[in-house]
Amino acid sequence: MATATTAADNAPGIPQLDFSTFPNQIFWLVVALFVLFIVVKRVAIPRIGGILEQRAARMKADLQQAEELSTQAAKLEEESRRRMAEAKAEAEKTGAAAREEIRQMTEAAMEEASRKIAGMASVAEARIDEIRRNAQEGIVEIAQEAAYEIVSAMLPGKEDREAASDAVRRRAGSEAQ
Amino acid sequence: MAEQSEGGLNIHPMDQFIIKPLFGDGPLQWYTPTNSTLWMALSVLAVVALLLLSTLRKAEVPSRPQLIVELIYSFLRNMVESVAGRDGLRFFPYIMTVFMFIALSNVLGLIPASFTATSHIAVTAALALTVFVSVTVIGFAKHGLGFLGLFWISSAPLPLRPVLALIEVMSYFVRPVSHSIRLAGNMMAGHAMIKVFAGFAGVMGVGAVVPIVAIAAVYGLELLVALIQAYVFTILTCVYLKDALHPQH
Chain R
1 MATATTAADN APGIPQLDFS TFPNQIFWLV VALFVLFIVV KRVAIPRIGG
51 ILEQRAARMK ADLQQAEELS TQAAKLEEES RRRMAEAKAE AEKTGAAARE
101 EIRQMTEAAM EEASRKIAGM ASVAEARIDE IRRNAQEGIV EIAQEAAYEI
151 VSAMLPGKED REAASDAVRR RAGSEAQ
Chain F
1 MAEQSEGGLN IHPMDQFIIK PLFGDGPLQW YTPTNSTLWM ALSVLAVVAL
51 LLLSTLRKAE VPSRPQLIVE LIYSFLRNMV ESVAGRDGLR FFPYIMTVFM
101 FIALSNVLGL IPASFTATSH IAVTAALALT VFVSVTVIGF AKHGLGFLGL
151 FWISSAPLPL RPVLALIEVM SYFVRPVSHS IRLAGNMMAG HAMIKVFAGF
201 AGVMGVGAVV PIVAIAAVYG LELLVALIQA YVFTILTCVY LKDALHPQH
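Chains R and F are the protein sequences, given in the same order.
The numbering of the first sequence is my numbering, which starts it at 1 and goes up by one.
The numbering of the second sequence is my numbering, which starts it at 1 and goes up by one.
Since the hints were derived computationally from the structure, they do not count as laboratory data.
Note that the structure is predicted; figures quoted are calculated from it, not measured.
Check before you lean on any hint, since a few could be wrong.
Examples of chain R residues lying across from chain F (beta carbon under 7 Å, computed) [claimed, not checked]:
no., residue
1, Asn-24
2, Ile-26
3, Trp-28
4, Ile-38
5, Val-40
6, Lys-41
7, Ala-44
8, Ile-45
9, Arg-47
10, Arg-55
11, Ser-114
Glycine residues also receive a C-beta, built at the ideal position from the N, C-alpha and C atoms.
Kindly produce the complete structure, drawing on both the sequences and the hints.
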């Protein structure tokens with residue numbers, strides 16, 4: 001032990017049991033701990049505690065906000081669903097009204113059309129009647145003429161225009177019945 | 001060190017614990033700054049740097065150092081609260097101070113050629129006695145003579161109680177001894193062992209690989225021990241504090 005110190009001289013075995021160094025160590029320990037304690041208590045703990053608290057508060061606020069937003073979203077969804085239902089009902093009502101109107105218009109148009117058709121039919125019928133009557137009269141006349149001609153051809157000199165006409169008219173009259 | 005110059009297996013594993021004045025060779029007064037003083041101061045500085053520099057930004061999303069500091073803080077605070085109870089939180093600043101000091105002192109002591117202040121029984125005894133005296137004073141101040149109920153185990157059968165009381169009192173007074181020697185002994189033993197291995201390495205030539213590997217392994221173990229012993233010292237402090245605050249078992 002070339003570099004023997006005072007401490008080593010006093011305690012050749014274990015420096016830890018060299019009691020002459022105890023006051024020195026304890027004094028400096030007290031100083032060190034005192035300084036450290038002040039820093040830890042006054043600065044470090046408030047600061048770290050503050051950081052943790054701030055973070056916890058922030059998280060709480062964020063969670064709260066998230067919850068608020070979620071309830072708001074739910075409310076909005078509810079609202080939109082309600083509006084959707086309303087709009088659907090409205091649309092149904094409008095559709096029904098439109099269908100009703102269309103039905104009425106169609107009915108009116110049909111009525112109008114059938115009335116017109118009925119009018120046209122009666123006119124046509126009248127005309128057909130007239131044509132038929134004309135045609136009948138023409139046939140009767142032709143028949144009278146034919147009857148007269150036939151009689152005059154078969155019995156010359158015995159022909160009688162009046163009698164032939166009467167006979168044909170009687171015959172046509174009974175046929176028509 | 002000395003063993004190299006003299007040759008042979010001349011290891012002085014305890015020389016690293018010698019306390020020397022920092023300046024000159026004069027006699028050691030109580031105020032003389034020594035190597036112990038220097039490393040205590042470095043420990044304090046390291047703690048201050050760790051605690052304050054990492055939290056300068058007070059970030060909501062912490063950086064890694066800040067996260068470490070926050071974890072230490074929460075861990076210690078939860079420990080004090082769960083062991084000593086809510087009223088133990090009053091002593092949280094001191095407990096955190098002691099933990100940080102011991103932990104950093106232990107860890108810094110693992111730097112080669114450094115000095116471990118907490119390997120000295122004077123330091124650990126002072127720390128343990130502080131706890132012992134404070135706990136006793138707090139116990140009597142809070143509960144008066146009721147604090148003595150700590151030694152009177154009311155759940156034991158009556159005839160056994162005086163015997164148990166004697167044992168309890170003895171164990172109570174042994175607490176500061178075990179409290180301090182556990183820490184100093186762990187630190188001293190680990191460092192001395194590393195030093196012995198290093199001494200072997202110095203004389204073994206190529207075979208020095210074996211002790212060097214052993215040193216590396218022991219060094220890792222010692223890192224663990226450094227933190228665990230700081231934790232043990234601190235949690236025992238909390239347990240003793242719990243006895244003072246709530247002497248009823």
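Checked hints:
1. About 5 Å separates the beta-carbon of Asn-24 (chain R) from the nearest beta-carbon of chain F, less than 7 Å, and the hint is met.
2. Of the supplied interface hints, the one on Ile-26 (chain R) holds, with its beta-carbon coming within about 5 Å of a beta-carbon of chain F, less than 7 Å.
3. Checking Trp-28 (chain R) against chain F by beta carbon gives a least distance of about 4 Å; that is within 7 Å, so the hint holds.
4. Because the smallest distance between the Cβ of Ile-38 (chain R) and any Cβ of chain F comes to about 9 Å, over 7 Å, the interface hint for this residue is violated.
5. At a threshold of 7 Å, the smallest CB-CB gap from Val-40 (chain R) to chain F is about 5 Å, leaving the interface hint in force.
6. Checking Lys-41 (chain R) against chain F: minimum C-beta separation of about 4 Å stays under 7 Å; hint holds.
7. Residue-level restraint check for Ala-44 (chain R) holds (minimum Cβ-Cβ distance to chain F is 4 Å; threshold 7 Å).
8. Nearest Cβ of chain F to the Cβ of Ile-45 (chain R): about 6 Å, under the 7 Å cut. The hint holds.
9. Annotation: Arg-47 (chain R) was flagged as interfacial toward chain F, and the flag holds, the nearest CB pair being 5 Å apart, inside 7 Å.
10. At about 6 Å, the closest approach between the beta carbon of Arg-55 (chain R) and any beta carbon in chain F falls short of 7 Å, and the interface hint on this residue holds.
11. Taken as an interface hint, Ser-114 (chain R) does not check out: its beta carbon lies about 85 Å from the nearest beta carbon of chain F, beyond 7 Å.
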